[in-house]
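Student: If you want the building blocks of each chain, they are given just below.
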Amino acid sequence: MKTASSTPSGHIPFFVTLALVAVAVGGIGSLHGQTGGMWLFGAGLISLVCLCLCWAHQSRALFASHPRLAYAGLALFLLALVMFLFSGILERGYDVATRNFGVNGKIDDHINLPVADQSTLAASHPVSIQTVLHLGKVPITLVKAPQILNVRPGQNFDLSFSVKNRHTVPIKFRVLVSVVPATSATAIKARQMRYPMSTVLGHTTRTITLPLHLTQEIPKHTPSLIIGLALFQIP
Amino acid sequence: MSHEHPSPNGILGHIQRWVFTTNHKDIGTLYLIFGFSMFFIAGFMSLMIRAQLVQPGMQLLDPATYNVVITMHGLTMIFGALMPILAGFANWQIPLAIGAPDMAFPRLNNWSFWLLPFAFTIAMSTLFVEGGGPNAGWTLYAPLSTNYGPPSMDYLIVSIHMLGISSILAAINIIATLLNCRTPGMSLMKMPIFAWSWMVTAFLLIAVMPVLAGTVTMMLTDRHFGTSFFNVAGGGDPLLFQHLFWFFGHPEVYILILPAFGIISEIVPTFSRKPLFGRTSMIYAIICIAVLSFVVWAHHMFTAGMLLSTMIFFMYTTMLVSVPTGIKVFNWVATMYKGALTFETPMLFAIGFISMFTLGGLTGLMLAIAPADFQYQDTYFVVGHFHYALVAGTLLSMFAGIYYWVPKWTGYYYSERLGKLHFWLSLISVNITFMPMHFLGLAGMPRRIPDYGLQFADFNAWCTLGAFMFGFAQLIFAYNMIQTMRGKGQKASGQVWEAAQGLEWSVESPAPYHTFTTPPQIKSET
Ligand code: HEM
Ligand SMILES: [Cu+2]
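Top line first, the protein sequences correspond to chains A and B.
Residue 22 in our numbering sits at position 22 of the first sequence, with consecutive numbering throughout.
Residue 288 in our numbering sits at position 53 of the second sequence, with consecutive numbering throughout.
Treat the hints as calculated values from the structure; they're not laboratory data.
Note that the structure is predicted; figures quoted are calculated from it, not measured.
Careful: at least some of the hints might be erroneous.
Have a look at the derived ranges for each label pair, beta carbon to beta carbon [what the hints assert, rightly or not]: (1) B:LEU362 - A:PRO211: 27 to 37 Å; (2) B:PHE578 - A:LEU74: 20 to 30 Å; (3) B:LEU543 - A:HIS134: 33 to 43 Å; (4) A:LYS172 - B:GLU365: 45 to 55 Å; (5) A:HIS134 - B:TYR551: 32 to 42 Å; (6) B:ALA575 - A:GLY93: 49 to 59 Å; (7) B:VAL530 - A:HIS134: 27 to 37 Å; (8) A:HIS32 - B:THR515: 47 to 57 Å; (9) B:VAL254 - A:ILE89: 33 to 43 Å; (10) A:CYS54 - B:PHE578: 51 to 61 Å; (11) B:TYR383 - A:HIS134: 13 to 23 Å; (12) B:LEU295 - A:ARG206: 32 to 42 Å; (13) B:GLN294 - A:HIS134: 36 to 46 Å.
To be clear about the criterion: a stretch of chain B counts as covered by chain A if any three or more of its residues have a C-beta under 8 Å from a C-beta of chain A, and this derived list gives those stretches [said to hold, decoys possible]: (14) 333 to 342; (15) 524 to 530.
Just some of the chain A residues that point at chain B, by a computed CB distance under 8 Å [said to hold, decoys possible]: (16) CYS54; (17) GLY88; (18) VAL103; (19) LEU176; (20) TYR195; (21) PRO196.
Each residue gets a CB set at the ideal place from its N, CA and C atoms; glycine is no exception.
Next comes chain A alone, as it looks inside the complex (with noise of 0.2 Å):
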């Protein structure tokens, strides 16, 4: 019934906030490349440290006269601790709905693939796949365009471009895949590298290569699919 100190003395928290402060402010100060970032973030460190091991250390007797209200605040606080973990959980979480389940039309990475026995699938239809290329602001050519492709369910199968870099120093970029139908994604594997990177030296043509997998995964009545990549480039 009693709160954890009627008269309890005021002074650390303020202090406690002032170390945070230089911490924020001296971090990004050293990132921004500012001089005494550094050090203003090192002293506010340690002072934090040593304010949060002096609050700690107040705080004990708290355990012996009200025990539990100390713990409920330490659950609670354990609490915030999981939720900020659980925002890296969403992140993964999103992954592998996009990955694995081709939400947003997006692949996932496939190696060692088994290739299907090619008698069996003659029968079953193919797909045609047309490719949709968008340089971006990738500052290159396209010199030739990727085919339209007649694939059959369990076939590998490569997209292929070639690029004009125009200018003298090199160009790195990484290609984005995606598919639409996104109900089609999981059909689509990448045999090497989902995102694969390339470096286009200066006036150089240069032919990229997208080892694919359509999978027999295909959803029925899927004649045909679109298979968009997207250039990003790399400062």
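Dock chain B with the ligands against chain A, hints included.
Tutor: Quick look at chain B with the ligands alone, frame taken from chain A:
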């Protein structure tokens, strides 16, 4: 232990008193003063926005500055004004309502307040750093805030971390207080509704503020430490940012409205001279809204691309929220029904809240319909919707609460004449400002733009007129409150309002510095 206010001597003594205070009433006052100061700063920004939009063409701000102003307006209103003001109510009223001498962790309480002014100093200083302030909108969508964000975004990120720590600590304190410090005989179900609304809100805060902290941390590592959570070029996904943000963001809007529900549920019975209709159902409705708020987030992202089945799921869960919300509105109206109503300022604001908030809920339902949302998304219709919920909703409830409890806090009544003037001016101008936004949105005017086509001119002029009227009305409020704090009004008794129920009315007005040092007895029927 003295029942007197501490009497510090000299300027230094005064500063020390407020900086190191651990008294819940002092901290409540600090929260309220800080929150209303931020309210006026962010309000000034909103008038800059409205001045810019008074007619087509560029008036006041260049487009880049305009983006900064809308971003800071939104962030400051939500994290600087609304949340701290609500926390101020919590600090003042929760111990008084449950008969506790103070909050459970008084020093933690001091810390959660003092983080705020520092966090906001950092956030506001971004306006003056090289490259300009944050400009991605209050939702901070990646890649606007990551790849394309100005350097100031880093300072905003750490200030959000500090705000998060502050909210989480306050929430821990509130829950621990409500669970452990109630006066003997007050079971959980007997706890006043205002306290209940904060119990649930505090759990929401503990659940989602850390997720926001995690999200902005990912932003920081994307910007500086080579990760690519939100960067496609590295195999990440900007859509992930939206999911994470709204997993926080939707419960956040309930964090802003549930305490408002609590305030209204205290005021309506007092001025209806009847107990709250369906008290138990009110408590369950609050819990129900809070639980549902975790499974509706993607209604903010219908147009961002998702599976049809996902869309349908989020559409139905969103609509489901209106059931417990409807229960609450029904119960307030039923409380008033056949009551001996009087219309003092708090009651006027409460009735204003109920009717205006209902409108906000209705437009929310329209937005929840996925195919319709394809039309409304990112238009002024959305701006209209959430301003009805936040300004005509949360803000009006805060005014109601201030007028209701200020005699208890200061010992003096406010000027009823100015209070009523404030109410009518606010109510009328809120509608002039935000109602036309719905029409603008339906006609296709996008949100977050500094200029617009000629066909939108008339309604925009109305919006600006209403906004300046609303701003003026708040000056009346400020004057009225300053006069009350200076003791210019009529002296208030401990009871203050004739039919008010609850422990806070059993202490004298102004509430002594230390209250309930011995636990009060509660009447068996309350
Ligand atoms: C029955 C209740 C409600 C429903 C069904 C609802 C539904 C929605 C939907 C579907 C959107 C997304 C609109 C779009 O971007 O296209 C939205 C936006 C929003 N709502 Fe609500 N809402 C409700 C109540 C509230 C309340 C009580 C608040 C705040 C106190 C609120 C605050 C907001 C905000 C701030 C946004 C816009 C966020 C942004 O994009 O900046 N809503 N609402
Ligand atoms: Cu929402």
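Student: Go through the numbered hints given earlier and state which of them the structure violates, listing their numbers in rising order.
Tutor: Numbers 1, 2, 3, 4, 12, 15, 16, 21 - these are the hints that the structure violates, sorted from lowest upward.
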